[in-house]
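*Asks:* Here is what each chain is made of, one letter per residue.
4 protein chains.
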Amino acid sequence: MTTQVIILNGGSSSGKSGIVRCLQAVLPDAWLAFGCDSFVDAMPAKMQSSDGGIVFAADGGVSVGADFRVLEAAWMEGIAAMARAGARVIIDDVFLGGAASQQRWQKALGEVAVLWVGVRCAGAVAAGREVARGDRTQGMAAAQADVVHEGVFYDLEVDTARTESLACARTIAARVS
Amino acid sequence: MTTQVIILNGGSSSGKSGIVRCLQAVLPDAWLAFGCDSFVDAMPAKMQSSDGGIVFAADGGVSVGADFRVLEAAWMEGIAAMARAGARVIIDDVFLGGAASQQRWQKALGEVAVLWVGVRCAGAVAAGREVARGDRTQGMAAAQADVVHEGVFYDLEVDTARTESLACARTIAARVS
Amino acid sequence: MTTQVIILNGGSSSGKSGIVRCLQAVLPDAWLAFGCDSFVDAMPAKMQSSDGGIVFAADGGVSVGADFRVLEAAWMEGIAAMARAGARVIIDDVFLGGAASQQRWQKALGEVAVLWVGVRCAGAVAAGREVARGDRTQGMAAAQADVVHEGVFYDLEVDTARTESLACARTIAARVS
Amino acid sequence: MTTQVIILNGGSSSGKSGIVRCLQAVLPDAWLAFGCDSFVDAMPAKMQSSDGGIVFAADGGVSVGADFRVLEAAWMEGIAAMARAGARVIIDDVFLGGAASQQRWQKALGEVAVLWVGVRCAGAVAAGREVARGDRTQGMAAAQADVVHEGVFYDLEVDTARTESLACARTIAARVS
Numbered sequence: 015m016t017t018q019v020i021i022l023n024g025g026s027s028s029g030k031s032g033i034v035r036c037l038q039a040v041l042p043d044a045w046l047a048f049g050c051d052s053f054v055d056a057m058p059a060k061m062q063s064s065d066g067g068i069v070f071a072a073d074g075g076v077s078v079g080a081d082f083r084v085l086e087a088a089w090m091e092g093i094a095a096m097a098r099a100g101a102r103v104i105i106d107d108v109f110l111g112g113a114a115s116q117q118r119w120q121k122a123l124g125e126v127a128v129l130w131v132g133v134r135c136a137g138a139v140a141a142g143r144e145v146a147r148g149d150r151t152q153g154m155a156a157a158q159a160d161v162v163h164e165g166v167f168y169d170l171e172v173d174t175a176r177t178e179s180l181a182c183a184r185t186i187a188a189r190v191s
Numbered sequence: 015m016t017t018q019v020i021i022l023n024g025g026s027s028s029g030k031s032g033i034v035r036c037l038q039a040v041l042p043d044a045w046l047a048f049g050c051d052s053f054v055d056a057m058p059a060k061m062q063s064s065d066g067g068i069v070f071a072a073d074g075g076v077s078v079g080a081d082f083r084v085l086e087a088a089w090m091e092g093i094a095a096m097a098r099a100g101a102r103v104i105i106d107d108v109f110l111g112g113a114a115s116q117q118r119w120q121k122a123l124g125e126v127a128v129l130w131v132g133v134r135c136a137g138a139v140a141a142g143r144e145v146a147r148g149d150r151t152q153g154m155a156a157a158q159a160d161v162v163h164e165g166v167f168y169d170l171e172v173d174t175a176r177t178e179s180l181a182c183a184r185t186i187a188a189r190v191s
Numbered sequence: 015m016t017t018q019v020i021i022l023n024g025g026s027s028s029g030k031s032g033i034v035r036c037l038q039a040v041l042p043d044a045w046l047a048f049g050c051d052s053f054v055d056a057m058p059a060k061m062q063s064s065d066g067g068i069v070f071a072a073d074g075g076v077s078v079g080a081d082f083r084v085l086e087a088a089w090m091e092g093i094a095a096m097a098r099a100g101a102r103v104i105i106d107d108v109f110l111g112g113a114a115s116q117q118r119w120q121k122a123l124g125e126v127a128v129l130w131v132g133v134r135c136a137g138a139v140a141a142g143r144e145v146a147r148g149d150r151t152q153g154m155a156a157a158q159a160d161v162v163h164e165g166v167f168y169d170l171e172v173d174t175a176r177t178e179s180l181a182c183a184r185t186i187a188a189r190v191s
Numbered sequence: 015m016t017t018q019v020i021i022l023n024g025g026s027s028s029g030k031s032g033i034v035r036c037l038q039a040v041l042p043d044a045w046l047a048f049g050c051d052s053f054v055d056a057m058p059a060k061m062q063s064s065d066g067g068i069v070f071a072a073d074g075g076v077s078v079g080a081d082f083r084v085l086e087a088a089w090m091e092g093i094a095a096m097a098r099a100g101a102r103v104i105i106d107d108v109f110l111g112g113a114a115s116q117q118r119w120q121k122a123l124g125e126v127a128v129l130w131v132g133v134r135c136a137g138a139v140a141a142g143r144e145v146a147r148g149d150r151t152q153g154m155a156a157a158q159a160d161v162v163h164e165g166v167f168y169d170l171e172v173d174t175a176r177t178e179s180l181a182c183a184r185t186i187a188a189r190v191s
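Protein chains in written order, with this note's numbering: chain A, 15 to 191; chain B, 15 to 191; chain C, 15 to 191; chain D, 15 to 191.
In short, the hints are calculated from the structure, not lab data. On a predicted model such as this, the values are computed, not experimentally measured, just so you know. Worth double-checking, as some hints may not be accurate.
Ranges between beta-carbon positions, derived for each pair [what the hints assert, rightly or not]:
#1 51/A / 152/C: 15 to 25 Å
#2 118/C / 165/B: 53 to 63 Å
#3 173/D / 100/B: 33 to 43 Å
#4 173/D / 42/C: 28 to 38 Å
#5 100/B / 59/C: 31 to 41 Å
#6 59/D / 181/C: 18 to 28 Å
#7 151/A / 184/C: 41 to 51 Å
#8 173/C / 124/D: 37 to 47 Å
#9 125/D / 84/C: 36 to 46 Å
#10 127/D / 152/C: 15 to 25 Å
#11 118/C / 66/B: 11 to 21 Å
Ideal placement from N, C-alpha and C gives every residue a C-beta, glycine not left out.
Full structure from sequences and hints, please.
*Replies:* So, in structure tokens, the structure goes:
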């Protein structure tokens, strides 16, 4: 069964984006990449100052409201339709709701063949990389490092605190069928 | 019939992105915004150095190949699915193929209610704004200013050489049902 | 006397950056461009959450503290030294203090030949462009449109609400000696 | 003797920028950060398609011409003047000319107290990170990894292939007097 979608889940500053770009480079086919960052960019700016939207608190906390969930569900349906229409797609996401987040993707993707990848990075390491990036609210990395993996099942996991992005990507690519 | 999708078509540096952000601000609902730029960003970097992908020539010419068209068709199916799932979506695109480009969107969107908007900007003005942006290959604006509109029908047209982005957005918003 | 430095002063979203890039394109020599944005980028991120640094309020207000002023004075000395060492330099700045801001530049630049340019843009137009940019706090454009020009003298003024960036740049370039 | 300037030298994708942001976070004073990237950004875009400017070849090679050197010398004088005026400054650079590049900085900085830091990263690791960044010409990292250090002396060296950016920054900060 051909892998149609790769979903990477990990906390902020765990190194997902770097792995995505390496996957796009090493996989022989042309895979499209989408994720929670490009989804938030697609939303109106005013959704970031609305209780129904997505709120980034000063302490690194992130909360999303009902309006966000409605748009997210439609967006997931769209990603699933791209896959059914033949595109191969890589998604990087932050499962703020742990298992509940994974179930949302499962509901949208149905029978589409998915490779589930956990992107681990020790909270202290991710927090340091958050400082090095300079464009993220301090505290997100530590707050998300563990909770995003709660109750989530994976086909494989990688650890960016111990392994470079390109090597992680090669490990993942070897599992794509 | 509720407008589900707004499609803006215009050449490079004609001012589409500014209108999109203004539309997201003035429309009362939360509309998602996607477009040819975010689609190209979703593709592997290697597609930009491949004949089958998308090639940006030094003189401002842009050509796309068969691999690009396959991914684009799947992406359009995905956008249509988002709209059918209830999201309201703004697309900004450059119809390099004129009427043929519009037909690709029509095929994907089927019965979805679309508001077609032509974004005009005199070639000389767009070429000047291309210099002011500083991040685009010189020549794209002039090369695309007219050809992208050939054979395309619109519900309304706006002219950014004469009207500010926000005023264009208000004119468009007044036509959303 | 050879113009060594061009200083553009105008409120947020008045169109300074576009004029700078056009000036760099149309002026025959290679001019270096610096400004308040690149200066703020050079400061530690923590200066943006410190009373002594620079604070961007939610209503578009901007206030700077003593630590900011100390660094700014040294930065201005550095720009002046680049000009004395032979570089031709374009500066775009927002004179939050009006005439007092201009005097700070005069003190640093001393005998260096400066072309002073006022970049005007009606507050309502600049506020609309602020919406179109999408990455600026709403309210800065309107708040700054007039106050930054109070008590400031210019060699020439341009108005981006009426004139495209490239044409403004050509007008300015014609005054460079 | 108070350290007034920290100069980090290392090849492309060796991790200099991340260390700079961590240094700005961990150092108690407010240090300004400049470097070869912000200097190239300050130059006219046309300098990147001119033999006298800076040319980025498709194979990752970088060559600079006479016009670039003239502007660079003035820019270095300006940085030195900022330091003499009291600012503490962090520079990240790529010594394409090895020892000759270091001598240019020494000539400009004269008696200013400098902490020289070598940023090492094995070529193969840096090349992988170049893929993960996605915005750099492939080949720069490998081409520069070793040559930029030839004949250069350092007060200390850090290795980002083995040590996280924040830990490198703390090691450097401990040497600042």
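*Asks:* Now look at each hint and say whether the structure bears it out.
*Replies:* Each hint tested on the structure:
The supplied range of 15 to 25 Å is met by residue 51/A and residue 152/C, whose beta-carbon atoms lie about 23 Å from each other. At roughly 57 Å, the beta carbons of residue 118/C and residue 165/B sit within the given window of 53 to 63 Å. At about 52 Å, the beta-carbon gap between residue 173/D and residue 100/B misses the expected band of 33 to 43 Å. In this structure the hint that residue 173/D and residue 42/C lie 28 to 38 Å apart at CB is violated, the actual value being about 46 Å.
Checked against the given bound of 31 to 41 Å, the beta carbons of residue 100/B and residue 59/C, roughly 39 Å apart, stay inside it. Distance hint for residue 59/D and residue 181/C: a CB-CB separation of about 19 Å, consistent with the stated range 18 to 28 Å. For the hinted restraint 41 to 51 Å between residue 151/A and residue 184/C, the CB-CB distance of approximately 43 Å keeps it satisfied. Restraint check, residue 173/C to residue 124/D: a C-beta distance of roughly 45 Å satisfies the suggested window 37 to 47 Å.
Distance hint check for residue 125/D and residue 84/C: the Cβ-Cβ separation is about 22 Å, which falls outside the suggested range of 36 to 46 Å. Distance hint check for residue 127/D and residue 152/C: the Cβ-Cβ separation is about 45 Å, which falls outside the suggested range of 15 to 25 Å. Between residue 118/C and residue 66/B the Cβ separation comes to about 56 Å, which falls outside the hinted range of 11 to 21 Å.
When each numbered hint is compared with the structure, violations occur for hints 3, 4, 9, 10 and 11.
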